[in-house]
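Residue numbers (my numbering), protein chains in the order written: chain A, 2 to 443; chain B, 2 to 443; chain C, 2 to 443; chain D, 2 to 443.
Derived from the structure by calculation, the hints contain no laboratory data. Wrong hints could be hidden among the right ones.
Intra- or inter-copy, both count: the list cannot distinguish identical chains.
[What the hints assert, rightly or not] Keeping only pairs whose Cα atoms sit at most 30 Å apart, straight-line, the calculated DSSO-like set for lysine-lysine is:
id, residue 1, residue 2
1, K224, K94
2, K68, K40
3, K7, K224
4, K384, K11
5, K174, K129
6, K387, K224
4 protein chains.
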Amino acid sequence: MAEIFKDIPKIVYEGSDRSNELSFKFYDENRMLMGKSMKEHLPFAMAWWHNLSATGADMFGVGTADKRFGCEQAATMEHAYSKVDAGFEFMSKLGIEFYCFHDADLVPEGRDISETNDRLDEISDYIKSKAEQTGIRCLWGTANLFTNPRFMNGAGSSNSADVYCFAAAQIKKALDLTIKLGGNGYVFWGGREGYETLLNTDMKFEIENIAELMQMSVEYARKQGFEGKFFIEPKPKEPMKHQYDFDAATAIGFLRQFNLDKDFMLNIEANHATLAGHTFQHDLRFAAMNGLLGSVDANQGDLLLGWDTDEFPFNVYETTMCMYELLQIGGLRPYGGLNFDAKNRRPSYTYEDMFHAFILGMDSFALGLINAVKLIEDGRIEKFIKDRYSSFYEGIGSKIRTKTTTLEQLSDHAISLGNPTLPDSGKQEYLESIVNSIMFGG
Amino acid sequence: MAEIFKDIPKIVYEGSDRSNELSFKFYDENRMLMGKSMKEHLPFAMAWWHNLSATGADMFGVGTADKRFGCEQAATMEHAYSKVDAGFEFMSKLGIEFYCFHDADLVPEGRDISETNDRLDEISDYIKSKAEQTGIRCLWGTANLFTNPRFMNGAGSSNSADVYCFAAAQIKKALDLTIKLGGNGYVFWGGREGYETLLNTDMKFEIENIAELMQMSVEYARKQGFEGKFFIEPKPKEPMKHQYDFDAATAIGFLRQFNLDKDFMLNIEANHATLAGHTFQHDLRFAAMNGLLGSVDANQGDLLLGWDTDEFPFNVYETTMCMYELLQIGGLRPYGGLNFDAKNRRPSYTYEDMFHAFILGMDSFALGLINAVKLIEDGRIEKFIKDRYSSFYEGIGSKIRTKTTTLEQLSDHAISLGNPTLPDSGKQEYLESIVNSIMFGG
Amino acid sequence: MAEIFKDIPKIVYEGSDRSNELSFKFYDENRMLMGKSMKEHLPFAMAWWHNLSATGADMFGVGTADKRFGCEQAATMEHAYSKVDAGFEFMSKLGIEFYCFHDADLVPEGRDISETNDRLDEISDYIKSKAEQTGIRCLWGTANLFTNPRFMNGAGSSNSADVYCFAAAQIKKALDLTIKLGGNGYVFWGGREGYETLLNTDMKFEIENIAELMQMSVEYARKQGFEGKFFIEPKPKEPMKHQYDFDAATAIGFLRQFNLDKDFMLNIEANHATLAGHTFQHDLRFAAMNGLLGSVDANQGDLLLGWDTDEFPFNVYETTMCMYELLQIGGLRPYGGLNFDAKNRRPSYTYEDMFHAFILGMDSFALGLINAVKLIEDGRIEKFIKDRYSSFYEGIGSKIRTKTTTLEQLSDHAISLGNPTLPDSGKQEYLESIVNSIMFGG
Amino acid sequence: MAEIFKDIPKIVYEGSDRSNELSFKFYDENRMLMGKSMKEHLPFAMAWWHNLSATGADMFGVGTADKRFGCEQAATMEHAYSKVDAGFEFMSKLGIEFYCFHDADLVPEGRDISETNDRLDEISDYIKSKAEQTGIRCLWGTANLFTNPRFMNGAGSSNSADVYCFAAAQIKKALDLTIKLGGNGYVFWGGREGYETLLNTDMKFEIENIAELMQMSVEYARKQGFEGKFFIEPKPKEPMKHQYDFDAATAIGFLRQFNLDKDFMLNIEANHATLAGHTFQHDLRFAAMNGLLGSVDANQGDLLLGWDTDEFPFNVYETTMCMYELLQIGGLRPYGGLNFDAKNRRPSYTYEDMFHAFILGMDSFALGLINAVKLIEDGRIEKFIKDRYSSFYEGIGSKIRTKTTTLEQLSDHAISLGNPTLPDSGKQEYLESIVNSIMFGG
């Protein structure tokens, strides 16, 4: 098997000086922070679809990048193999230990699902052997239930029971593959689980069907011995006008309503959170405070654009706040990781650009980690927050927290006060100054 | 007591010809539709704040409208009385049977809560007597927990236990007033229950505190014999950067998490739904399909603007789809109604404009009702939706619905199919044609 | 040549009753309004790309519709012919008199531009013969300078002079074709004329190059005897992060800066205006009041979505206000028309859906026309506006309008007034009531 | 005159260590960069309105901050004096050398304009004396033509000629004051120059009137010897639904159309640019490349919120790209500067918060300057851009640039090429890596 990325060396940490473009400026995998190496803090994953399959096509143009990786003809089994070769070489050169996949990323779809499944068996044998050679592992698997026309109205939310069954068959196989490849997570992104118009949609019916499909999936997977976590990946819209897993809060409400919250957690994607009108940090926090933050799709969007741009993370404020949240919950392992659900900009179409993109993303997260550690070690922000609520740790406040008071008692307390003094200043600008002084200070 | 709106006659239905501007063109209160009068279908309410108190001030300018209604000095008890007089005259002239209020709308705040409460007792006696004379009723009450600087960080979510108690005291009084005035609903709009920055916020702590305040409020109200419903009114942002009751799905998740869903329903506001990225109809449907659609704030926003414009409803598509949803659940009574949480545009500053605004709003909803009834009586859309899911009423589909199958069985079914046929066309354009032909047809 | 849309009859006006779905409910081509037939008022055009070429592919899925129209293999010359057959049958059945095209819509791209041009010569002969048989004409032509990877950085704005030349070659040929087919308009939509990031872009350089390309194009076309108009079609973003022809105001500024405003007008697209933060009516008005409203792309977007949804027009408020603007300028002929730059929703994938979509669009515009005529004949809105500025028709006001006064004189006048009285109410709610009473009244 | 900010020392540079919160971490006024001191690079200005007048009121609540600065009663001449005292003490303690003002910020409005003007004469004497003592100067002045109800429909765009005259009178006086105080700039922010609805608006008429008012203002000012620049400050919306000076491109088009571009430049505000759908850098660049970048309102918005949040700049990416643009044009002097059109968050209501906010803003811009200098000195980005267009510096490319070719010649060139090679990669991710390595590197 020939080297594919011939001009690209192994990417190593060289610091932020300018001499070598193809090196990490900030990601130093063995650097220890808070008792763990950077590599342990940052379980990066490569997305089979964007990195090995996507060519830069958009709604107004065909692809610019050649992702055949040396094979003659795209969308063949030969191509499936060359993608595996390319993927493992790519991950090895970058020191990435995990990958994520949809079934449809691995092989071209067959004439029927049986043929597709045979192909999946074949290629997963090959992936497995490469994994054993390299130590690179599956982070999570999933089924692509949105590209094929049959899913035009959704999969679990389809109005066709046959399509629903087809979705079930794909999920079953994708679960089998995930288990075979040692994945400890399985993702549901409901790309077409939603509606285009309420004029033709029974939303309640559809959501119930989705829940039932998930329940059957859990049952099946547990029977096969899967001990990992299922993840819902919220996204509010695109491709559908409205998608049911709108955001973290909606997805959590759904999981609880249908008793799925023991088996499921959330996979939060930065760009999906912002499309829903939230900051990335908000949706991370919301999931985390409900004990349901499971994995992260590590990209960024453009807040002036209204679609999923899936950019490689560049904004270190975002990665800092992400890592700040992740450090608070002790990281994403053993179930999840930081998957780069991100693609090169369309004019960045070379092999080298693929590496630059990952260098950008990994360095941005390394910076985010470094800064988040500094924020935590500095302690000022955490202390400020803790102090801010101190009135609830004593007197009437503590009674509120321990649920040992009543509206009448609180009212009496308020009346006895006359006018309460104003709360202390929120000091947002001061806190922001701290963040900048830590991020940009010596 | 002198007539305040001297040049304004009683507004009556005269049809859509142009001769009399101060008449209803479409709202004919006694017209019967599907067995109920328009008036019964459309339990309109006037909002004390916008209609009797707001002067058109915005972030860049002071008020343009004089809402003293004949008294000398605003923000006095004299003014409080003149607002009552104006309000009841206004509602009588328009044939509106309900009003909604915040405590702070009724009287100027006193030096302390005791004085404020005394004033509220006094003015509510007067309101009660006017209500008895006119038959006009309280739809719902609420407490203003956002205007006073003490609530800068929220009420239930405040970091100050004293402020929290102050909020409790206001809620207690507002509940007492609501009960006294015969209101069958009580609203929580969490105007400052949210955050400006996560740098100073413990979101989990704050949400728990809010839930506890609601639980105490329910307990208190039930003890006082209140048999009505509590409503949460979702809004995603403004004034806060992020508000906890983001949308219907978030609020329902919250209610269920804290076991509040037996006592609470939702008050859906058109403009709040759109600020959250949803259509008005979406949030109505989402609440309704969860059995939690309680009341409606009947305004509209401007989707090209990013703030709550609180416009009087003009768009008959919106009112049609709203009434379509309401007819499906049998209307909002006995708890809720259609509250015009809407304000005149700032340059519409005359008394006459106040009436034009309500004529616009009431006619728009009358048109919406007429159209929704036609859509239902026509039946094509409903039938289309029912037929669309027919594959789930037999065979493998019905097993999915009755939860009597497994992922393996579904997979086997899919494999046996080879390739499933595509689902039937969603026919969105055809369905939209039906809507227009019904709305604009003979 | 066999009939392609076999089950579809000629679509005729039958009124808004429900008996025949495949009929116009409101578009009655011979109905006279303000001295012109509906057909004259509404110069509808079919877009070769959406209607004959697009299959419903989106960023998350392949096409759902089969647009081979009976030929074996897509993207062949055989397919090019079947599209012509389908297009003319389609237009004939709907009574549409115009079509629009990009070069790339007509034939598959050849190995080089010479081969492509030969194919274009061949197919345009066939189109011309069909046109002569049917009387159906070319509204405007254009060149697709965005799909091919070579245009990844733009065409006129490309950083590659060779690509710029390639663009010039395509424009030249598309102009030749437009002239050959009798088109009276030629459109520049700068789909990739913009940037992804300023980190690699010299915006000034690129805009100058675009202007130069347009100037050369005008010069060439005039030399060939083209007497029609060139159109710029503004769009703010998508596919590029920022596009140079952001909106009507930006495009007009550009045209004037480079002395292109004698040869160019604007082609305003509803959905592009809303993506730029404007109402459709705003951009129409802005172009019209500058004498530069030339043609219209008649679709609608979804204001809750951030991308170009290119929906068939459904919202009659929008079509009413569009037709209101067009009636004010005497219509779009002889240069422009109403081109349905709109596509079926992805799940509407049948031939029948194509017709439903056009029925929806044409009926929506017919309703818009009917309503706009009623608004004009009613006269209240026009009179209101005229009266509103009456203070500028006399005294100091008229001096302002005739530029015969100075700041000092105005200041003196103001000082002499003491406090000016408030302007009269803007009466927005009243005016909106008029619109609804006219749109929905008897 | 007593010290007002008693607990606040003179703020000096101490570096980014944490010991002293009330110090600059990055702004070191005498540090030399590219031959100029930081102070020269960063002509900061304080906004009289936000800093000395605004109390934190928003649409849902009254102010939280007490800005009486020791006087008894707000909105008195005593208060006007205390604001001057506070302002000069504030600027002196921060080392700020410029201020900006609206007429209405300086004194409470009198019963008529004559009384107001007398008050303005009086307070400007006082300001002038303070200025002479401290060396602090007026950056620019302006008239508040949006707060008073009389301007509900605009000033230059008002439908009332009397209101138009009133606006003229205020502008005349504000120009007089600006000249008296040595200001070298005068700003037009058209806060209500726009419309709420086209149903009552003649947009063309209104825009012509605005232009005429500006022309008269220029004429007057030049007669008084004003040699500075006028600035238009674009903003797309808020308070009005649509504002005429939508963005830089629109404003420049307007200036050129009415021959105002010799006297006017643009004052670009970060948050206004983003509300228009542009990056801050985009609007800076667009103004700069047209030779019309005059001054900057240095704040930032929240891209997830749809209104002008006017936050103190925190995001160093934004300040870096701003300073990068400013360094390219040699800075904003002698006409403009960096005005903090920014306000404390409502819960940041103390005197100390005012200083923290400015420390944040000044440090963020100092960091931006430091980074921008590094970017320029590094040179990689500039070189990349230059090289990227190299094909236009020779051969056919240079003929395009020198306008010595034709469409036919370009077409011939393209045909001779066969297929052009793809342009080189845009390398966005690589360029973003450079930015991060420079911003966060050693």
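For each hint, the structure was consulted:
1. K224 <-> K94: Neither. Shortest intra-copy (37 Å) and inter-copy (58 Å) distances fail the 30 Å Cα cut-off.
2. K68 <-> K40: Answer is within: at 28 Å inside a copy they meet the 30 Å cutoff, but 50 Å across does not.
3. K7 <-> K224: neither (44 Å within a copy, 52 Å between copies)
4. K384 <-> K11: between (42 Å within a copy, 27 Å between copies)
5. K174 <-> K129: within (16 Å within a copy, 54 Å between copies)
6. K387 <-> K224: Answer is neither; intra-copy 45 Å and inter-copy 36 Å both fail.
Hint compliance for this structure: hints 1, 3, 6 are not met, and every other hint is.
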